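Asks: Read off the chains here:
2 protein chains.
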Amino acid sequence: MGGEQHVPALRKRGRPTADERRARETEILATALGVFLRCGYGASTLDELAAAAQVTKRTLYAYYGDKAGLFAAMVRDLATAVSRDAATDRDTLETLAARIVRRIHSDELVALHQLVIGESARFPELAVILHSSGDARHIARLAEHIRVERGPELEALAEPLFSLLLGERHRRRLLGIDPPPTAAQAAAHADAALALLGLSRRAG
Amino acid sequence: MGGEQHVPALRKRGRPTADERRARETEILATALGVFLRCGYGASTLDELAAAAQVTKRTLYAYYGDKAGLFAAMVRDLATAVSRDAATDRDTLETLAARIVRRIHSDELVALHQLVIGESARFPELAVILHSSGDARHIARLAEHIRVERGPELEALAEPLFSLLLGERHRRRLLGIDPPPTAAQAAAHADAALALLGLSRRAG
DNA sequence: AAGTAATGACACTGTTTCGTATCATTCTAT
DNA sequence: ATAGAATGATACGAAACAGTGTCATTACTT
Chain A
1 MGGEQHVPAL RKRGRPTADE RRARETEILA TALGVFLRCG YGASTLDELA AAAQVTKRTL
61 YAYYGDKAGL FAAMVRDLAT AVSRDAATDR DTLETLAARI VRRIHSDELV ALHQLVIGES
121 ARFPELAVIL HSSGDARHIA RLAEHIRVER GPELEALAEP LFSLLLGERH RRRLLGIDPP
181 PTAAQAAAHA DAALALLGLS RRAG
Chain B
1 MGGEQHVPAL RKRGRPTADE RRARETEILA TALGVFLRCG YGASTLDELA AAAQVTKRTL
61 YAYYGDKAGL FAAMVRDLAT AVSRDAATDR DTLETLAARI VRRIHSDELV ALHQLVIGES
121 ARFPELAVIL HSSGDARHIA RLAEHIRVER GPELEALAEP LFSLLLGERH RRRLLGIDPP
181 PTAAQAAAHA DAALALLGLS RRAG
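Protein chains in written order, with my numbering: chain A, 1 to 204; chain B, 1 to 204.
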């Protein structure tokens, strides 16, 4: 899809050092993400994936078996990365909501969802992984904050709140129609969503 | 993808009658939908599309130029069909909401969204068409009913209402995780969404 | 230092699949 | 009727692409 362009002189030959080996795996997954996001799964070729990672096809096959294996490894890796960075526990419900809005609208996550949705028939388990480590975790964190800051009887509002945080804009995002919101728009949207459900600080 | 199986004896040879010609176009689009939904865009082959429509590749190329043209024609056709069937104007806000929930969760519309989302980079204009004739129209109809039945000051709730009608379940639908809701579940979900926004009949 | 594991370079195979060409056949138009 | 248009049947060309084989090269292991 992207034309070979300046193939940036491959690495030196021969067995890599232990450090190189470790670095290589993460780099392969990172560059594979870029290629898959740009071209989609079907239109991404192994030659292109290999060139992007500055690696030969042989190495890709040695590591991941085949194209589907590489794709799956990449999604899994990203899903764990997504779930890891939920660690900022100084959040209030408001800042958490705003952060979630920004996160779910990030180009990276949107493109990942586009990919996995488009290939959900071929890779159903990846869809489950993505949902568990993404939406499900976000909802759980919202529920936790609602319970602590607003009262346990309102915890059930976490799921509808998340739907509002997505909003119509996120549908347009998935369809590739809208750009991501600015930080200010994200915060305003989060506040509006909280207000609609009576979850604003003063209204609670 | 699906193996040839019992290729159901193609049509008679030669030029078709005017009626056959008209019927053929609609049938091609209908069967193409089925194939694309089953296999996705990339994995659907022209041979399969032709066989499904009981037509030869020649005809497909004569009609649509190429695979992308067929795909685009199919989505456009379906989008107009989607927007047409919004005609039942005896709805109350409640029944409209429930009907929208059922509609957006239908296997057909979900698969269509999966397709278009997955190919939105290749066919951006189809994404726009689908959104305009789907979500946008639903929201407009909700707004209209809210204005008439609940008061114009609440019209702005149409968009968040639609987001709630989608709900987390629709995200799982797009990812292929959940089955469609039953009619009862859809109605209950719609009522709950209306209640959350203070749009229930007694609460308004 | 010898042997083994991992990799780059690169050619190659086999398959898939798009798209076209050819010819026979049947309808439409005049 | 006769010419032309549309189509089925079928084969084929060309390109793309997944995946493999081979050999040279470099690092790791003992």
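The set of hints was computed from the structure by calculation and includes no laboratory data.
Take these hints with a grain of salt, some might be off.
One copy or any two copies: either way a pair holds, since identical chains are not told apart in the list.
Dumping the calculated SDA-like pairs for lysine to any residue here, alpha-carbon to alpha-carbon at most 20 Å [unchecked claim]:
(1) 12 / 84
(2) 12 / 26
(3) 67 / 132
(4) 57 / 132
(5) 67 / 185
(6) 57 / 180
(7) 12 / 144
(8) 12 / 99
(9) 12 / 201
(10) 67 / 137
(11) 12 / 73
(12) 57 / 143
(13) 67 / 89
(14) 67 / 39
(15) 67 / 188
(16) 57 / 30
(17) 12 / 69
(18) 67 / 41
All figures in this text were calculated on a predicted structure; none of them were measured in a lab.
Asks: Now tell me, hint by hint, if it's right for this structure.
Replies: Verification of the supplied hints:
{"no.": "1", "hint": "12 / 84", "result": "neither (34 Å within a copy, 62 Å between copies)"}
{"no.": "2", "hint": "12 / 26", "result": "within (18 Å within a copy, 58 Å between copies)"}
{"no.": "3", "hint": "67 / 132", "result": "neither (24 Å within a copy, 35 Å between copies)"}
{"no.": "4", "hint": "57 / 132", "result": "neither (32 Å within a copy, 43 Å between copies)"}
{"no.": "5", "hint": "67 / 185", "result": "neither (39 Å within a copy, 40 Å between copies)"}
{"no.": "6", "hint": "57 / 180", "result": "neither (35 Å within a copy, 41 Å between copies)"}
{"no.": "7", "hint": "12 / 144", "result": "neither (51 Å within a copy, 66 Å between copies)"}
{"no.": "8", "hint": "12 / 99", "result": "neither (43 Å within a copy, 62 Å between copies)"}
{"no.": "9", "hint": "12 / 201", "result": "neither (59 Å within a copy, 72 Å between copies)"}
{"no.": "10", "hint": "67 / 137", "result": "neither (29 Å within a copy, 40 Å between copies)"}
{"no.": "11", "hint": "12 / 73", "result": "neither (25 Å within a copy, 50 Å between copies)"}
{"no.": "12", "hint": "57 / 143", "result": "neither (45 Å within a copy, 54 Å between copies)"}
{"no.": "13", "hint": "67 / 89", "result": "neither (38 Å within a copy, 50 Å between copies)"}
{"no.": "14", "hint": "67 / 39", "result": "both (14 Å within a copy, 18 Å between copies)"}
{"no.": "15", "hint": "67 / 188", "result": "neither (42 Å within a copy, 43 Å between copies)"}
{"no.": "16", "hint": "57 / 30", "result": "within (16 Å within a copy, 40 Å between copies)"}
{"no.": "17", "hint": "12 / 69", "result": "neither (26 Å within a copy, 45 Å between copies)"}
{"no.": "18", "hint": "67 / 41", "result": "both (9 Å within a copy, 18 Å between copies)"}
Of the numbered hints listed earlier, those contradicted by the structure are 1, 3, 4, 5, 6, 7, 8, 9, 10, 11, 12, 13, 15, 17.
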